[in-house]
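Since the structure of chain L is already known, use the hints to place chain W on it.
Read off the chains here:
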Amino acid sequence: MGRLRYPLRRIIEGLITLFIVMTIIFLLFRVMPGDPLSIVIDPKMTPEVKEMIRHSYGLDQPMFVQYGIYLKNLFTLNLGESFRYSQPVSEVLAARIPNTLLLFTSASVLSAVLGIILGRIIAWRRNSKLEYGLTLAGLFFYEMPIFWFGLILIYLFAFRLNLFPISGMIDFELWTLGATTGEKIIDILHHLILPLITLTTASFCGMMLLMRTSMVETMKEDYVEAAKARGLPDKVVRDSYAARNAELPVITAFILSLSASIGGGVLTEKIFSWPGIGYELYQATIGRDYPLAQGCFFILTLMTILAVIVIDITYAYLDPRVSYD
Amino acid sequence: MNYKFLIILAMLGLALLIAGTNIPEKTQNNYLRIAAGQEINGLNPFNPAFNDVYSQFVMSNIWEKLYRYTPDFLDNPAAKGSSDRRIFLWIAEEMPSYKKVGDNYEAIIKLRDNVYWWDGERLTADDVVFTSNLMLKFGIPPQNWVNWSITGDESYVESVQKLDDFTVKYTLKELVPIFETGALMGYIFPKHQWEPIIEKSIEKHHKGTDKISKDERILIASEIWSLNLGKDIKLDEIIGSGPFKPADWRKGEYMRLDANKDYWAKGRILEIDGREYEIGPYIDGILRKVYRSPDISKLAMRRGEVDITGILPSDISEFEKIETIKIEDYTANSLFYLGFNLRRKPMSYLSFRQAVSYLYDKELFNERIYHGRLPPINSVVPFVNDYWHNPNLSKYGEGMSTAEREYKVYIILKEDGFKWSKEPRFNIVDGEVIELREKGEGLMMPDGEVCPIVRLMGAPPEEIPDSAQANIMLQGWMIDIGIPAKYTPTEFATAVDKLSPIDGSEPDFDINTSVGWLTDPDPGYIKDLWHSTQMPEVTAGGNNYSGYNNPEFDELAEQSAREMNPEERREMIFKLQEIISRDLPVYPTNTVTRIQVYRADKFKDWFNRKMYGIGGCNNPYAYMIIKPIERE
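Residue numbers (the UniProt record's numbering), protein chains in the order written: chain L, 1 to 325; chain W, 1 to 632.
Chain W on its own, in the form it takes in the complex:
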């Protein structure tokens, strides 16, 4: 036999040997193993590039906040006098108390006296003042820092000071809801860890005794957010107060978080949906493993390598057969819409926007293309955010057949003065629209001009095939009526650039289906997305892509941003939703339902949080209450 074949045989033998080698038994443990889709960008809480949900998940287990939302988003009796009844005490012991002093307001925050950092130091007012001053004095914004301003120019917080070890006083130029749901919901950092770092940087970059200049602040901030947590500050040197500590990180592979056995909130009772849970953590920690392909994370789940992962609706049937695995879904607080560029014709005609809204059959898309994953919505506040959601808005075309929708569109356009060189014709029997018999051609706008080609800017098929299919169908229906439509596949980064050019020029699109939002529980985002000052040509990088400019909306949006009474604010938010639904700068289309599978034989008390599901950066409660099931 040829010796080279022997080599090959030997290699194959080695492969089989390794395959069959008894890989050492893993120690029995109660770590929760999560299949993650992506690597964590980084752990520096000041770095704006680390605002991805993966990095935030880890950070949310390290640093904590004064206030959070209630776990089940139900009203908290203690939050009676607040701008949002769902605000929940965390590091703070009481809700803020306010007093008007001259032109300003004073907000007094009482802290718990039993909160400890991992190194045994107590979390005090000094830490809260230090954290707030990072933004106010040095312009070093921690995560959530954008909520320190309501206009994008200047902070509404005048100053912050310590009254005693556990009492902090904020002096506010204005009393605004976002103070509670934004500024007070930012991470608190240990002064004793970060102050020396900041001071060293100030010493290095600040020359002279004057106030720190703008250029110096830029240098200081750049230096702070380029700190590499895990290297410059080693993992075991990071000081937090949360339930899990970062312990091991092999980039591209996994991260291990160990339970904080001395967690200050241990033993505290959480009431969730009427049931009481005692805070742990009870698990040994969290192992977060990166699986770059969802097909593979699914196999890993089935094989028992991980304890929780996300799946698609098409995968449900294979998991339903496995007794030890349970399936849960949740509807995210996501907002997807058709965005119209009101600066251009024919999108500037309300009748045209109504027409396209009627044509977009979101029920059909959800059923046939998205398999129930993208439930339709009618408001820019998705129904899952029920306190702020206005359920009484127009449901363009709901329950109508395609032919009925097309006929309705024909009538709307015709009544507004649109004309065709060849009108669409319909089969109508006994008043019922049966079908479109002949397509329309040569659409002309009310001003007599020929309707230009309308580009549907959407995700390319290779990026999101389902969305591309929906765009192609919409394009087809538009062409049926005689609207010259063209689906233009546009990759995400390009779409963002076209929607909101950073150089302050006008956005370049007709109808956008590319971009959606994961919205906050606080509806303040409505103002940020459609206030006229947020047009990209007014505020570079602004998010009012449509160029919506309605003084009535602007005024009400500004009022709502300052209204502290939740009932009155709710009325304003409802009215804002009505205005958007009426004027249609955007047509809300759908939100997202996500499905998660988890090991019910290994852990119990899984908590599926409304809007956010099990775990993740927006469900910090889940892993502090989950319990291992005793195994034989």
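Pulled out of the complex, with its shape left as it was, chain L reads as follows:
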């Protein structure tokens, strides 16, 4: 019963968190200065047409009524209609989320793999030139402005060497004028490489340093010392004893980064003209497209809460030291 009660409690807590976050988001958009319809409504319009527009966007209702509709819609997973596109938010998101997931989830996975591998190596070879070199390089790329790095890569590998496309997710000429499914897949992969390298290079360092720190701590444990004393090979001690236990916090960070990856990244999407959700969220926020921005935040919040619940529950099952109470 205890094993069921814990996940149930975490889910209820998650729902409460979701409710609070979405309420704050609703209020934040309403207290922002600027009328969302100022770009649509022209003073020369007759009062009736102005009213028509306000009504069609649901902005003629008092705020508490709007809030009620908002909550009801969230409950029924109806995210409303984008002001900018006059299209259901779910459709706008459905068109962008797969693009974002493809790029940002791949980058998260790649960063985690690279970070874990390099992190365990530099932890094992502490105070070596390799550790200093990798840490320095990692921090350099981590701190580098991503748009600048992206531009450099585009200039060198796409513009100068002509190895990759300059931007976008597909070759528009190829797609619209006829290409087979296989050619389309190759084309997407071709477009994916540069932004993927940019994101991975900029983000693997976080994972690497986390892995290194965690592993350095683990390496002080008695069971690692005991394994060494038993004369086990270095590789076995490192990978099977030290690294395995050190990976827990890294996995937590990885799952969180996966959930965050759905939000994409404004700068990467802008530089590479990647049709993802990050740039759309940015545009929706500055353009006062409440429904679209709220929809984006809803998905982001939901994914983060889900990730945290999954982490908590997984921890509870995997690590006997974590209590259900």
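In case anyone wonders, no lab produced these hints; they're calculated from the structure.
Among these hints, one or two may not hold up.
[Unchecked claim] Derived coverage of chain W by chain L (criterion: at least 3 residues anywhere in the stretch with Cβ under 8 Å from a Cβ of chain L; other residues may be distant): (1) 209-221; (2) 300-310; (3) 477-485.
[As the list claims (entries may be wrong)] Here are some of the chain W residues that sit facing chain L, going by a computed Cβ distance under 8 Å: (4) Asn29; (5) Asn44; (6) Asn47; (7) Ser226; (8) Asn228; (9) Glu253; (10) Pro489; (11) Ala493.
Cβ coordinates follow ideal geometry from the N, Cα and C atoms, glycine included.
Showing chain W alone in chain L's frame:
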């Protein structure tokens, strides 16, 4: 070797393999590839949110108008009796003929009989009547619909009816220029496509047999403009009459428009700047690709991925070296100004507004900050709109040095009764103002009150760095004279809210440098921007932010809105410009010059339209005459 390294190596190898893979050759084609800065919002012509230039560009290639302006904005001999000599026949065969009948006017429009919709149906008077009635009967406004009223309350069009298949009669309550340059320049829609949609919506929302009520109209209109063109009406089901048909749209990536090979105007001769062009279209179509960063669209242009894009002056040198690429610029019909809030002191003093106008060194800004991109203007009708532009207005401070401007300001303020606790001092040698020696302090207004801090509401540096720099310099010059000025960076949407609160309250700003306009070729906008009824506290959302209230101006502006004789109207418009320049509710500062680069080795007969450049929603002619160059 560690197996994980092998995985990494394998991935790198895969990356290189993909990089080196022979991506299939694109088919040889003559599509014109445009680098666009933003996604199209949507294609529904009734949706007010789709009035962005990107959506309008596509719509202008689908639906057409009865009349347009001449391609080169030169006089059209056929428009001799019209309110604007630049009006050009498009779907209409003749200029409107007018007759006074009782209290009303009748306007007869003859249509061409050779205009066809894409599905082969003929465009007739039924389509024109249907389109006009959308606004008149159902209140469903198509794009350009705002021009159906001159007061914002009621349409000047009483009714519209078909006389025969190619003749339409409009009954007008008043004969006004905006009927020709507004209402008759709106898109015409195919009745056979839209009528069933409207009727279905009416059937759904209209209860009973009475006239459609206001609430019902709201429901009907909301339903019509929420139609998703591309989904609810599939791209290949959209019916237009224009030169390009939407064929493929991958949102966030590209849109493809295919040439209408049976375009009704094909073979017609366009005379542009004395040269004759035969209408095509000759290209296969248009591919519009979204590049979100101008740096990247520039690279795409250099690499040959696109055929036309916009660039900045700083990019000119790198394109000058490329033989196959040509550079063209055009000055837009844009209006930027310093807007004064006349409701507040010290902006309510004319001398103060003159002082700030003298201090704003637009020549210096254009040269040093904007690198020639923002040419100075002296009138609210930019010089590029030459028929309506009054060239004989005050040029506050033109040719004066900063010290001379500051001295002039000191004199103007002093003469009007402004005082300082410490007056500014100047080095003057042989009557020539050399420099400001000591800054002024403690400015007091003629009524004896201390001058409050004057806020310069402008774009934040992260939004428009150049503009922020200009505001900071203006702030510095104002402080030099003793005016307590403070540049207040204000994000665009916030600025709009402060300038024109929708709740009907008074605008909240001192001096505004945030907002500008892309003005129409018709100068009717002068009335909309500075007539006293357009103050936001009078008409919620009105554009007379300054609160300018001058009965002389109002009367003349109203007269000009009703004057059909272009010469007489021009005199009135000139006088209105003089009044604005004299009273300074706003001080016109600059317009915008834009630069475009295009592939001259791939296409010929590029047409750079005055005020609008090559292509775009306001140059519908460019892509119907452009021709591919034969390649080996």
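Consistency of the hints with the structure:
For the stretch 209-221 of chain W, the stated coverage by chain L holds: 4 residues have a C-beta nearer than 8 Å to a C-beta of that chain, and at least 3 were required. For a cut-off of 8 Å, the count of residues in the stretch 300-310 of chain W with a CB near a CB of chain L stands at 4, and the three-residue condition holds. Counting residues of the stretch 477-485 of chain W whose C-beta sits closer than 8 Å to any C-beta of chain L gives 0, which falls short of three, so the coverage hint is violated. Taken as an interface hint, Asn29(W) checks out: its beta carbon lies about 6 Å from the nearest beta carbon of chain L, inside 8 Å.
Using the Cβ-Cβ criterion of 8 Å, the hint placing Asn44(W) at the interface with chain L is satisfied: the shortest such distance is roughly 7 Å. Annotation: interface hint on Asn47(W) holds; nearest CB of chain L at approximately 5 Å, less than 8 Å. Annotation: interface hint on Ser226(W) holds; nearest CB of chain L at approximately 5 Å, less than 8 Å. Given hint, Asn228(W) at the interface with chain L, holds; its Cβ is 6 Å from that chain's nearest Cβ, closer than 8 Å.
Hint status for Glu253(W) relative to chain L: holds, with the closest Cβ pair at about 6 Å, below 8 Å. Residue-level restraint check for Pro489(W) is violated (minimum Cβ-Cβ distance to chain L is 13 Å; threshold 8 Å). Annotation: Ala493(W) was flagged as interfacial toward chain L, and the flag holds, the nearest CB pair being 3 Å apart, inside 8 Å.
Checked against the numbered hints given earlier, the structure breaks hints 3, 10 and satisfies all the rest.
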